[in-house]
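Participant: Chain by chain, the residues run as shown.
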Amino acid sequence: MSAWRQAGLNYINYSNIAAKMLRRALKPELRADALKRDESHVRITPWLNGRPAHLKAAGAK
Amino acid sequence: MAFRGVLRNVARRLQVRTYAADAPKGDEMALTFAAGNKVFYDKQVVKQVDVPSLSGAFGILPKHVPTLAVLRPGVVTVIENDGKTNKIFVSSGTVTVNDDSSVQVLAEEAHPLENLDRGAAQESLSKAQSELNSAANDKAKAEAAIAVEVAEEILKAASG
Numbered sequence: 001m002s003a004w005r006q007a008g009l010n011y012i013n014y015s016n017i018a019a020k021m022l023r024r025a026l027k028p029e030l031r032a033d034a035l036k037r038d039e040s041h042v043r044i045t046p047w048l049n050g051r052p053a054h055l056k057a058a059g060a061k
Numbered sequence: 062m063a064f065r066g067v068l069r070n071v072a073r074r075l076q077v078r079t080y081a082a083d084a085p086k087g088d089e090m091a092l093t094f095a096a097g098n099k100v101f102y103d104k105q106v107v108k109q110v111d112v113p114s115l116s117g118a119f120g121i122l123p124k125h126v127p128t129l130a131v132l133r134p135g136v137v138t139v140i141e142n143d144g145k146t147n148k149i150f151v152s153s154g155t156v157t158v159n160d161d162s163s164v165q166v167l168a169e170e171a172h173p174l175e176n177l178d179r180g181a182a183q184e185s186l187s188k189a190q191s192e193l194n195s196a197a198n199d200k201a202k203a204e205a206a207i208a209v210e211v212a213e214e215i216l217k218a219a220s221g
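Chains as they are written, first to last, in the working numbering: chain A, 1 to 61; chain B, 62 to 221.
None of these hints come from the bench; they were simulated from the model. Quick caveat: nothing in here was measured; it's all calculated off a predicted structure. Ideal Cβ positions, reconstructed from N, Cα and C, are used throughout, including at glycine. Careful: at least some of the hints might be erroneous.
Unchecked claim - Some chain A residues judged to face chain B by a derived CB distance under 7 Å, without partners named:
1) Tyr14
2) Ile17
3) Ala18
4) Trp47
What the hints assert, rightly or not - Quick look at which bits of chain B chain A covers, simulated, 3 or more residues with Cβ under 8 Å:
5) 102-112
6) 172-181
7) 198-205
Isolated chain B (complex conformation) (with noise of 0.2 Å):
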């Protein structure tokens, strides 16, 4: 009884996983980060990447667990080594975290939020409202709801 207790208790200590702040010291992650208009970063080291995907926002550190992802528009947040924040705001794309901690973050556009102009997104997404109420189909319809979603994200990254 004793020996079964022990086993069990080793099993238990077995699957006990850690958290990816938990990982050693010394662990880099190397990012990717480029769009159809500009390379951002290539294989640089960096503390931490925070993505907004599909599927939700998420933060990445080193050891984080191999993922696939979609991105939606909105905010990437790289924390560069030296601590420095670098945001910038990608419309979509991919991002794929691979076992050997190496991030890619590929984007169709993505700009440094510095580069947004708050007066020409309000305009956008008044235009991309318009275009929603007079939708005449379902895919013109759903059209224009991506547009005014997209827009509402951009205004806010510029406003913010």
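Okay, chain A solo, but in the shape it has when bound (with noise of 0.2 Å):
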């Protein structure tokens, strides 16, 4: 078993490392575009007895 597997990291957080590493690595003119794949933002909104009970914006990586 990889040492990553072993630490609780699944696949998952290994391509994101993987990805993160390429987009770093990218001549200058190219990796300014690619490092705002870098991040992704999600919006959530609960929903309460059928309203928007409040908005909050949420930051994923």
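Could you fit the two chains together into a complex? Lean on the hints.
Facilitator: Encoded structure:
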């Protein structure tokens, strides 16, 4: 078993790190655009009694 | 007795397996190769695809046995029908070989080798190495070790 699996990581974690490293190794003119893919944003709206309870923006890696 | 010998002979012949390279001509392999950043091939017929996977690197020719594998960081080599070789670095992802010889390579991030920057790769390798040395716990250590492994692979691809 690979060391990272033993440490509790899964392939999604592995893939995220690998993609991040690749984006950092691109030529400068391509890097800026690529780094935007590092983060994604999710907006979560909980609903209560058929109405949005409150709005909250959550940042996820 | 003679009859049994014949039977055994026939059975042995039926079990003979052939290599993918012996597959009948005219068989085609449609490649779909996409990443989060770009679509490289969309059902394009190609000659051969070499992929690096966690269980080892392997080449795919038409009539390859159906396979599923996860990718490891490395160079995917596509040999197109006109003989042109295309080398693309993939971070990670999956490769699927189907019964109808179609192949899907789906990567999280993929770039042609000429888009890699040797200096930037060297820099991120040094950073990952120092993070590995200062990692406080097992998880941080494992994450840094992955980063080092990926950076080394990128550097190798960018230099070669």
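Participant: It remains to establish, for every hint, whether it holds in the given structure.
Facilitator: Against the structure, the hints:
no. : hint    : in the structure
1   : Tyr14   : holds, 6 Å
2   : Ile17   : holds, 5 Å
3   : Ala18   : holds, 4 Å
4   : Trp47   : violated, 30 Å
5   : 102-112 : violated (count 0)
6   : 172-181 : holds (count 5)
7   : 198-205 : holds (count 5)
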